[in-house]
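A.B. asks: When you read off a place in the sequence shown, starting at 1, and then add 5, the result is the number in my numbering.
Hints are not guaranteed to be accurate.
[Stated by the list, open to error] The following label-pair restraints were derived from C-beta to C-beta distances:
hint : residue 1 : residue 2 : range
1    : D46       : G300      : 39 to 45 Å
2    : R44       : P378      : 20 to 26 Å
3    : D155      : Q477      : 42 to 48 Å
4    : P427      : R316      : 27 to 33 Å
5    : A314      : V346      : 43 to 49 Å
6    : D402      : S121      : 35 to 41 Å
7    : D429      : D155      : 50 to 56 Å
8    : T206      : L160      : 27 to 33 Å
9    : G255      : D155      : 54 to 60 Å
10   : E397      : L160      : 15 to 21 Å
11   : N353      : E391      : 32 to 38 Å
12   : V78       : P163      : 34 to 40 Å
13   : T206      : P259      : 19 to 25 Å
14   : D402      : A159      : 21 to 27 Å
Think of the hints as simulated: they come from the structure by calculation, not from any bench. Quick reminder that beta carbons are idealized off the backbone N, C-alpha and C, glycines included.
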Amino acid sequence: MRFDYVVVGAGSAGAAMAARLSERPERSVLLLEAGPDHRSDDTPDAIAGPNLFEALGLPGRLWPALSATRTPVQAPALYARGRGVGGSSAVNAMGAIRGVPEDYDRWQARGASGWSWAAVGPAFELVDGMIPTSQVPEDEWGSVSLAFRDAAIALGHPFCPDYHAAAALGVSGLRLTRANGRRVSTNDAYLEPARDRPNLTVRGSALVSRVEVEQRRAVGVLTAGEEIEAGEVIVAGGAIHSPALLLRSGLDRPGVGANLADHPFVGALLALKEPADANRPVFTTVLRYSSGLGGDADMQMLAFNHLGAARERLLLGQVAVALMEPHSTGTVRLASDDPEVDPLVEFNMLSDGRDMERMVHGIRHLNRLVHHPVISAIADSVVLDEQGTSFEDVADDGALREWLVRRVNDYVHACGTCCMGPADDPMAVVDPTCRNIGIEQLRIVDASVMPSIPRANTHLTTVMIAEKVAAQMLA
Numbered sequence: 006m007r008f009d010y011v012v013v014g015a016g017s018a019g020a021a022m023a024a025r026l027s028e029r030p031e032r033s034v035l036l037l038e039a040g041p042d043h044r045s046d047d048t049p050d051a052i053a054g055p056n057l058f059e060a061l062g063l064p065g066r067l068w069p070a071l072s073a074t075r076t077p078v079q080a081p082a083l084y085a086r087g088r089g090v091g092g093s094s095a096v097n098a099m100g101a102i103r104g105v106p107e108d109y110d111r112w113q114a115r116g117a118s119g120w121s122w123a124a125v126g127p128a129f130e131l132v133d134g135m136i137p138t139s140q141v142p143e144d145e146w147g148s149v150s151l152a153f154r155d156a157a158i159a160l161g162h163p164f165c166p167d168y169h170a171a172a173a174l175g176v177s178g179l180r181l182t183r184a185n186g187r188r189v190s191t192n193d194a195y196l197e198p199a200r201d202r203p204n205l206t207v208r209g210s211a212l213v214s215r216v217e218v219e220q221r222r223a224v225g226v227l228t229a230g231e232e233i234e235a236g237e238v239i240v241a242g243g244a245i246h247s248p249a250l251l252l253r254s255g256l257d258r259p260g261v262g263a264n265l266a267d268h269p270f271v272g273a274l275l276a277l278k279e280p281a282d283a284n285r286p287v288f289t290t291v292l293r294y295s296s297g298l299g300g301d302a303d304m305q306m307l308a309f310n311h312l313g314a315a316r317e318r319l320l321l322g323q324v325a326v327a328l329m330e331p332h333s334t335g336t337v338r339l340a341s342d343d344p345e346v347d348p349l350v351e352f353n354m355l356s357d358g359r360d361m362e363r364m365v366h367g368i369r370h371l372n373r374l375v376h377h378p379v380i381s382a383i384a385d386s387v388v389l390d391e392q393g394t395s396f397e398d399v400a401d402d403g404a405l406r407e408w409l410v411r412r413v414n415d416y417v418h419a420c421g422t423c424c425m426g427p428a429d430d431p432m433a434v435v436d437p438t439c440r441n442i443g444i445e446q447l448r449i450v451d452a453s454v455m456p457s458i459p460r461a462n463t464h465l466t467t468v469m470i471a472e473k474v475a476a477q478m479l480a
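Whenever a hint applies, use it, and build me the whole structure from the sequences.
C.D. replies: Shown next as structure tokens:
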């Protein structure tokens with residue numbers, strides 16, 4: 006069996022790539038997804054609904070054994086990556102943010118020519134035309150979101166009418182990838198309109214073992230013992246599984262699996278006086294601000310209206326602080342050549358002193374915000390973790406640094422592990438057209454190609470990458 010294009014992975018990038026490439030009726034496209042396939046109308050309620058935690062808890066929609074080490078002193082813990090059509094866009098927090106223009110100008114400066122802010126604008130416009138986004142009306146906000154907004158304004162942060170605007174600072178209603186109260190994944194936005202094209206085949210439960218390479222040219226893929234020939238292979242497995250697939254295929258340039266980045270965060274837990282409504286969105290408000298220790302908009306705070314569907318989790322809210330411009334990087338390495346065995350993921354968070362300094366600064370600012378009277382009015386108590394650590398317990402900077410190394414978590418925004426750059430950069434894995442350096446007829450198109458992490462939730466940026474590369478391929 007032979008296809009003009011074989012796309013591996015039906016997530017944020019892969020679903021968009023397959024849909025766009027199949028717009029050429031003379032080209033055959035096969036989309037392979039390791040997890041389940043379904044039509045948009047058959048989307049489980051847990052995914053379509055507003056409760057993020059119900060989506061994350063749905064059996065079969067995460068890589069169940071995938072774990073990651075955030076810092077060297079932490080034990081490996083679950084790393085929530087989506088599995089099934091839509092990928093992580095089917096289980097994420099639905100945040101719709103483009104990032105800061107400087108993020109993309111940095112890509113250009115690092116050798117990703119054609120990826121400046123001005124150059125990616127048209128691709129972002131294409132994304133906006135496919136994926137609806139909207140701010141949640143204030144009458145649907147939970148108590149934590151409302152109090153968070155008021156506390157942020159009281160501390161001097163401006164109200165920002167539209168956080169989706171580039172480089173907007175202040176507290177705002179968060180734009181979500183949803184329409185009519187329903188999540189819109191890339192399965193809904195891209196694949197569903199393309200499903201009836203005779204030249205597009207979507208196959209679920211199809212874990213790809215390796216890319217078949219002959220004489221420095223990708224000629225197909227192997228899945229469940231079946232060899233499928235391809236005119237071109239597009240790997241879109243995400244920042245964890247794309248480098249793992251390349252390594253299993255013997256494609257081991259030095260940069261494969263290196264440069265791993267994510268947004269580190271920690272949160273203050275609020276013991277709510279009244280239980281939250283599980284049928285309201287978890288996130289509706291966000292604060293974007295500058296620490297003064299890095300670039301603009303290098304910090305973010307996010308209000309969680311609750312932490313789950315069970316009653317005890319509805320009595321817990323959270324306000325998180327995240328570093329959106331981290332410098333620390335980690336690695337993805339093979340644990341086994343068996344595709345059923347997940348790779349070893351080590352983030353090495355806060356290893357760069359600049360990251361630690363800003364997270365300390367962020368916790369101090371978080372302390373001021375969560376102890377404002379408007380927060381105290383909805384919460385009986387505030388602690389830093391489920392062990393009951395108080396802000397007073399980490400009043401000393403040394404104690405706070407030790408606590409951060411033990412407790413820092415991530416936004417699940419992995420990127421950078423197949424970095425884009427010039428062909429003469431030994432750490433670059435793909436060139437600025439996302440072609441694999443050294444192997445013909447092979448591209449990597451997903452968050453793994455980002456040279457550095459944007460100051461934003463990475464979903465829209467990942468879809469933008471797919472739109473831009475697909476447009477180049479179809480030109």
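A.B. asks: With reference to the structure, classify each hint as holding or not holding.
C.D. replies: Going down the list of hints, with the structure as the test:
| no. | hint | in the structure |
| --- | --- | --- |
| 1 | D46 / G300: 39 to 45 Å | 43 Å, holds |
| 2 | R44 / P378: 20 to 26 Å | 50 Å, violated |
| 3 | D155 / Q477: 42 to 48 Å | 46 Å, holds |
| 4 | P427 / R316: 27 to 33 Å | 55 Å, violated |
| 5 | A314 / V346: 43 to 49 Å | 31 Å, violated |
| 6 | D402 / S121: 35 to 41 Å | 38 Å, holds |
| 7 | D429 / D155: 50 to 56 Å | 53 Å, holds |
| 8 | T206 / L160: 27 to 33 Å | 54 Å, violated |
| 9 | G255 / D155: 54 to 60 Å | 56 Å, holds |
| 10 | E397 / L160: 15 to 21 Å | 20 Å, holds |
| 11 | N353 / E391: 32 to 38 Å | 24 Å, violated |
| 12 | V78 / P163: 34 to 40 Å | 38 Å, holds |
| 13 | T206 / P259: 19 to 25 Å | 35 Å, violated |
| 14 | D402 / A159: 21 to 27 Å | 26 Å, holds |
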